[in-house]
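Residue numbers (the working numbering), protein chains in the order written: chain R, 1 to 278; chain U, 279 to 645; chain L, 646 to 910.
Think of the hints as simulated: they come from the structure by calculation, not from any bench.
All values reported here derive from a predicted model rather than from experimental measurement.
Backbone N, C-alpha and C fix where the C-beta goes; we use that ideal spot for every residue, glycine too.
It is possible that part of the hints are untrue.
As the list claims (entries may be wrong) - In silico contact screen, one side only, chain R against chain U (beta carbon under 10 Å); selected entries:
no., residue
1, LEU67
2, GLU172
3, ALA177
4, GLN186
5, VAL191
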Amino acid sequence: MSLAWLGVVPFLAYATAFLLLPAANVLVGAFRSNDGGYTLDNVRTLFEEPYRTAFKNSIEVSLVTALIGGLFGLLMAYSAIREGTPRWIRGALTTFSGVAANFAGIPLAFAFIATFGILGVGTQAMTALGFNPYDHGFSLFTKTGIEIVYLYFQIPLMILVIAPAIDGLRREWREAASSLGASSWQFWRYVGVPILLPSLLSAMVLLFGNAFAAYATAYGLTSGGVGLVPITIGFFLSGDVLDNPHLGQALAFGMFVVLGLMMLAYIPLQRVSSRWMK
Amino acid sequence: MADVELKQLHRRFGEVIALAGIDLDIATGEFVSLLGPSGCGKTTALRLVAGFDRPTSGRVVIDGKDVTDVPPNSRDIGMVFQAYSLFPNMTAVRNVEFGLRVRKQHRADRNRRALELLDLVGLAQAADRYPHQLSGGMQQRVALARALAIEPRLLLLDEPLSALDAKVRVQLREEIRRIQLELGITTIYVTHDQEEALSISDRVAVMSGGRIEQIGPPAEMYGSPATPFVAEFIGTMNRLTATVADDGSIDYGGLRLRVEAARGLPRGERVLCLVRPETVEVVRANGTPADGALTGEVVSNTFLGSTSRLRVADESGARTLTADISTAQGIDLVVGTKVVASFPADSPRLLSLADQPVSPVPDPDGR
Amino acid sequence: MTPRRRIAPSAVVWLFLGAAYFLIPLAATLLFSLRDDQTAKCCTYANYSYILHDPDFWSTIRLSFVVALETIAITVVLLVPTVYWVHLKVPRLRPLIGFLALVPFVVAPIILVVGLLDVYRGTPEWFYAQPYGFLAVVYVVLAFPFMYFSLDTGFRSIDVHTLTEASQSLGAGWPTTLWRVILPNIKAAALAGSFLTLAIVMGEFTIASLSQFNTFSVYVQYINQNKTYPAGAITMLAFGITWAAMLALLAVGRGQQAPITEGEK
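Model the full structure from these sequences, guided by the hints.
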């Protein structure tokens, strides 16, 4: 038995070298100071401006897109899967969701600039109808704009993740509830939603982490104009800020904490939902 | 309690005809089984009664009222599904309470009633367990309790025991019947297991290809099958293709056999002679050729417990008889033993094959 | 609840809104890509022509593609034997590996690149060497969760023990067993993981740009910032590449799935 462990050594070695070591570097580096000693100063600085706002923005954007993306993703997935909807719609939705979820990043940013940027097609169309959103304070290059763009990959991710859970809603439960006299609303209230809840929550947690960690889309959209944690880290790596790499590591550490908490919430939720879906 | 009338029910799915015109009257308090192989339409019929499906044509009448257009949650029926129907997010007692909760009963009342019913099905101690903590048999008991909690006027069961172990199946089916008799509730039971249907029903309806082939009390279905399909489906049966000879006998591949039922039938008519294996006698051949019996040798001897199933074939192998005899008798009649197989003249039934093609139905041996 | 014969009205509403939200930006991009750079009016192929004649387009796409192939190769060589071994000999380690597969979601690319650039500062030399230094090596980590879950599902659907024992009882050694018996049976899972990896690598921007390598994504961003209307063309091309990877993924998946039949009991 002890020799069998050797079989996974190559993999573990690789993971250690290129995943765990860099992670450890960030975790430790966050607490080091430029002269080689240990300090909490870097972490403390995270609570000051502009980092505090960066965290606030990131958390806000992630929360908003997780909730809205979760809700719309659920509605769309359910619409495609429920009875009465032609089968091909589900396949089309799943395929497109796979594409959209991967389309995230630089191309997506541009697609929205082409739509709602200052010279965007959508903007021009709306102006022709008499209402130019940019005259009314709207801009794609703000937090709100980022949220709108993020939904483009959050909703598909939700669809992909929640579809199996909706499938797991056995027809027998619906019919049993109906035979016992329950209306549609009563079914959802007492049976449907409670059963879906763990899956819903775990999916939204996933969406939160996904938005929080996103860099390319925000960068492509604003080139760093909006303060988000990943963008700020990017500044450190590009040498745009004062030479304190440990602060950059502290920022990464802060992200790590947020994402780690997300995982801690995700794993037990997954376990509960899989138990019920058996 | 209610009586149920199914009037000319048709159900078609695109090209496929699931029900080709079902007429059935069920009396109040009666236990009727719909029995048949997969695809015969029995579950389709049940779902039409429940309201989960609408017929292409025909009516469903419960207690004199046409409910064909009434949604399932207003039909006041209790339904037990094949499996997985308990709500996983609720304990057993909460599951049973569900129908009462929907009807806005007070918590104390519905809790009491739910516990009463769990007690009725023998699961009072499992009230606070979740479905995933219960065995298959226990889950189905809870499902039954849940269906009965709302005091429905009609109980529908869709193959409730199919997913369970053999021993549990026998136990549970007897309990279901016991409870049904105690409550006097009109019941429709769907199954593919003929032993199950015969043992607990007041009447059994054998279905095939979307039609009811025959309906009647279990004894009648077993002893007097009306069509080859029913004979084939219920119990094991010897099926001898023969022609009527004169004087109350038939010609089975050249062999003359005395059959009372052949009296009065036109000579030469093709018939299917149905003989139950338990009426067939097998004795060692003593050298003298026997009249009106099959002389041959034992081709197989299958141990079934208290009985043994013997197959006897003549030299050519074209004429065979299957016999169920006590193991004590059969223990000496090993494969290869020369024997004589016969049956009393009044035991077989004859079905006319005149207008029916002889279908190559597989030998019911070992069913 | 009687089965619906037709689609629910609310379903139509949501699906329509969804379709609109997802298709409008694509339509806008297409329109942009057909606009003339000087006059900002439709319709011309000039932007596509510009991109397709730009040597940087070809060099970066080739670069990214090569990186993708390398990533896939390393991932497959590393993971297939590992997952096979775990399923066969040390199933107790499955939860550990599964947990490690979730770590890249916590150590997001932006975090990973911070750690990488510090840990491997200076050594080894090829790490930071153009054209693509350590990219393939690191992308393996990004691809790892997708490839792992794909392979894990694949391995779970075949009876690893029986196949291996049958193969060995017939005289085959480990390499033969792996190559001729196991690999063909998890081909679909490996292919699915590979196409996902391809899509990920072609689209990866964070690590590439912050480590200053010129991948396809970096090129796209450059065009976005400097040339408005050709940016539409390159975005459409990038979209097309993702589509192609997904369709390939679907084709592989369909071959393995049994048809789902709906019938009445």
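We went through each hint and held it up to the structure:
no. : hint   : verdict
1   : LEU67  : 23 Å, violated
2   : GLU172 : 4 Å, holds
3   : ALA177 : 7 Å, holds
4   : GLN186 : 6 Å, holds
5   : VAL191 : 5 Å, holds
When the structure is compared with the earlier hints, a violation turns up for hint 1 alone.
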